[in-house]
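Input sequences plus hints: build the corresponding full structure.
2 protein chains.
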Amino acid sequence: MVNIQEVNKYLYKYREEILPKYWYNIIPDLPKPLPPPMDPKDTNSRIELLQRILPKEVIKQQFTIDRFVKIPDEILEKYVVVGRPTPLFRAIGLEKFLDTPARIYFKYEGALPTGSHKVNTAIAQVYYAYSENVEGVTTETGAGQWGSAVALASSLYRLKSIVFMVKTSYDHKPARRSLIEFYGAEVVPSPSKITRFGRSLLENNPDHPGSLGIAISEAIEYALEHGYRYVMGSVIDVVLLHQTIIGLEAMRQMELIGEEPDIIVACVGGGSNFAGLAYPFIGLRNKGKRFIAVGSAEVPKFSKGEYRYDYPDTAGLLPLLKMITLGKDFVPPPIYSGGLRYHGLAPSLSLLIRERVVEAIEYREVEVYKAARIFAETQGIVPAPESAHAVKAVIDIALEARKRNEKITILFNLSGHGLLDIDNYKSMMIRYGRF
Amino acid sequence: MVNIQEVNKYLYKYREEILPKYWYNIIPDLPKPLPPPMDPKDTNSRIELLQRILPKEVIKQQFTIDRFVKIPDEILEKYVVVGRPTPLFRAIGLEKFLDTPARIYFKYEGALPTGSHKVNTAIAQVYYAYSENVEGVTTETGAGQWGSAVALASSLYRLKSIVFMVKTSYDHKPARRSLIEFYGAEVVPSPSKITRFGRSLLENNPDHPGSLGIAISEAIEYALEHGYRYVMGSVIDVVLLHQTIIGLEAMRQMELIGEEPDIIVACVGGGSNFAGLAYPFIGLRNKGKRFIAVGSAEVPKFSKGEYRYDYPDTAGLLPLLKMITLGKDFVPPPIYSGGLRYHGLAPSLSLLIRERVVEAIEYREVEVYKAARIFAETQGIVPAPESAHAVKAVIDIALEARKRNEKITILFNLSGHGLLDIDNYKSMMIRYGRF
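In order, the protein sequences belong to chains A and B.
Residue 1 is where the first sequence starts when you use UniProt numbering, and the numbers rise one by one after that.
Residue 1 is where the second sequence starts when you use UniProt numbering, and the numbers rise one by one after that.
Please keep in mind that the hints were generated in silico from the structure rather than gathered at the bench.
A couple of the hints might just be wrong.
Partial chain B-side listing against chain A, Cβ under 7 Å, derived [said to hold, decoys possible]:
1. Val82
2. Pro113
3. Leu152
4. Tyr183
5. Ala297
6. Ile374
7. Ala376
8. Leu419
Every residue, glycine too, gets a C-beta built ideally from N, C-alpha and C.
Shown next, in the form of structure tokens:
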């Protein structure tokens, strides 16, 4: 085992200054107590199920009220391996294009190997599985972003991983599928023949297209049957906790250049990249700041969702969470931001929006697409379609600042790049034109 | 115009320490005078042609014997926009896997927005075109890596760009094509209807598959006819000059962590990423160092090439260069490292290999593929198939160091990531197995 101090000695002298040693847990700092996960009134306890399939330390972190949770050296080491701390950019190309007095910074999580922030929690959860000496982990994936993060994390700890990929994505997203396989993981089209549930569905319909809910069910069943651990990509508190490394690094990076953000912006699917950047600022340094969560107008949870207990997964296998939701059976339209096509919202973020600590806005895909083009042409980076929602909000804020001649400082999370979404952008270029 | 000092003030304090203000020109430091470009003994002067289609400053830099060439602030600013300085990584995951006493560092050019080092010279050449107030630039592209770099650079300077893409790639590499379009460039399948040469080919064969030589001819014709400038992706001295920003940054980054490389490694197609990393060390700090250029055994220019005057382009439109070459009509086998499927080698690098300053080795695709898998599984980053040649060499060197228990320091250029090459890796997984 390489010692982390030894490693850091050989990295930039500033890297150690930036990389935090603790994740930040917002739970004790919320304006009201967080409504706990609940079991539905039927026979099976979902909470008990979670305790059987998640690594013990993950369960512990899910329910901890400690403000700071130590990051084990073994995780810090892998964070460094994959390129943490990620860079903080000043978007001077975009600033000039908008002719704004605002200073625009972004934390670039797309710099990570699979192109998004997802690997931050994948590494943590897989490590805790690894430390329990299990053979492997399972998970589900839709378009493949989360699956590739888990595959990568598993390869780093030399653990097996089995990724249940929604059949339609398996068939139509061959690049993501190959990426997962390249990391040595098994990709299984879901419904599959390797679980009872999958087999039962295939018996009725051999061409079943699958769904994220079915893939979750299969991943859980496989974990239970084979003593694997199950890893989760968003929504629950412990995932948000792991993502706070983004904001903690950004806070330190802003300090190093003598800046303090006035407005913090990120897109929202389940809430993990927003929480990752914003929670440390919300909990530790919120004075005079605005926090803006940006969703999709096609998945209008902010404008049309209810705040109530609902299942985080469409299959209803996980515990009920009190959250802003469009209902677990909400069928999102076929927008290209796969990560935002989610009916619910992390409980802590739901609470913060209800309590007006966090503002929430929504944009239509066509507006987001235009913002993505502007960003690519002025900054060079093709943003992930999800992250482009944050870009759109930032552009509007910066133009508003120009009107008022306000020298504000904006910080946003560019949670991923779009190089593996180019086919989606091609479709958008056709749908919306190239202007 | 944002002032570069102003920009840097707001970036990491160390960024300014790392980013060089000059490119390094190896020409005056070569062990022998470099044989100059020559015109063939027929009617048209290729050198004169170059002077008509390249920006004047590019021509000047092509023939300069100054050791250092100042990087204009306008270029430095764009370098910063796209993410320079790029990170230096220590490959601790790979080191542990190999159980080697060697310390392995890599400069990660894949961190740039289009995923490779190509944009370093694209930005420079497009800037010089821009400063001549032309309407746009033209270039050719095979698989699309160079085309996307030019499209990005052109978008940053708000200049038009027309990319002639070899017809077969245009049809079979839709992602790269869409990426180029996303940056606002025009992608034209070559042979095309917008040049005389293209039309003449299409008249004879409407389904002409195209070739890189044809695409170059069309790009040059279009530039001549429309007052555009033509930009070039590799081989010629000025391109290598621009790429030295890689090595100059790496030198400073290694200094900052108190390290000095013993062995410097990079893959070689035309030679620009190798030169980019190695030339500053060769010319300015070569004491006790080994330099290793890694080629493809399927394109055996090191083992079977001749050192003679040859055309750098298959169409024979450019001046003759004295170089190691397999002959301009060499047809490479269908290996997946598109960037290494090139018959020749930059003149300065050819000379350095002939003079035994630089060692040259070749690996077969199957070996390189295995190295790529190991790298992805231990470091997380999927290397570009080209860059994986360097990875393979580094693995062998590190294993040799283990045998001899030598605590050497290796530095290599990870010139690109492979996220846009996943289809190629899929084919390799099928061809060579997943082991």
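Hints and how they fare:
| no. | hint | in the structure |
| --- | --- | --- |
| 1 | Val82 | holds (4 Å) |
| 2 | Pro113 | holds (4 Å) |
| 3 | Leu152 | holds (5 Å) |
| 4 | Tyr183 | holds (6 Å) |
| 5 | Ala297 | violated (22 Å) |
| 6 | Ile374 | violated (10 Å) |
| 7 | Ala376 | holds (6 Å) |
| 8 | Leu419 | holds (5 Å) |
Hints 5, 6 from the list above are not met by this structure, while the remaining hints are.
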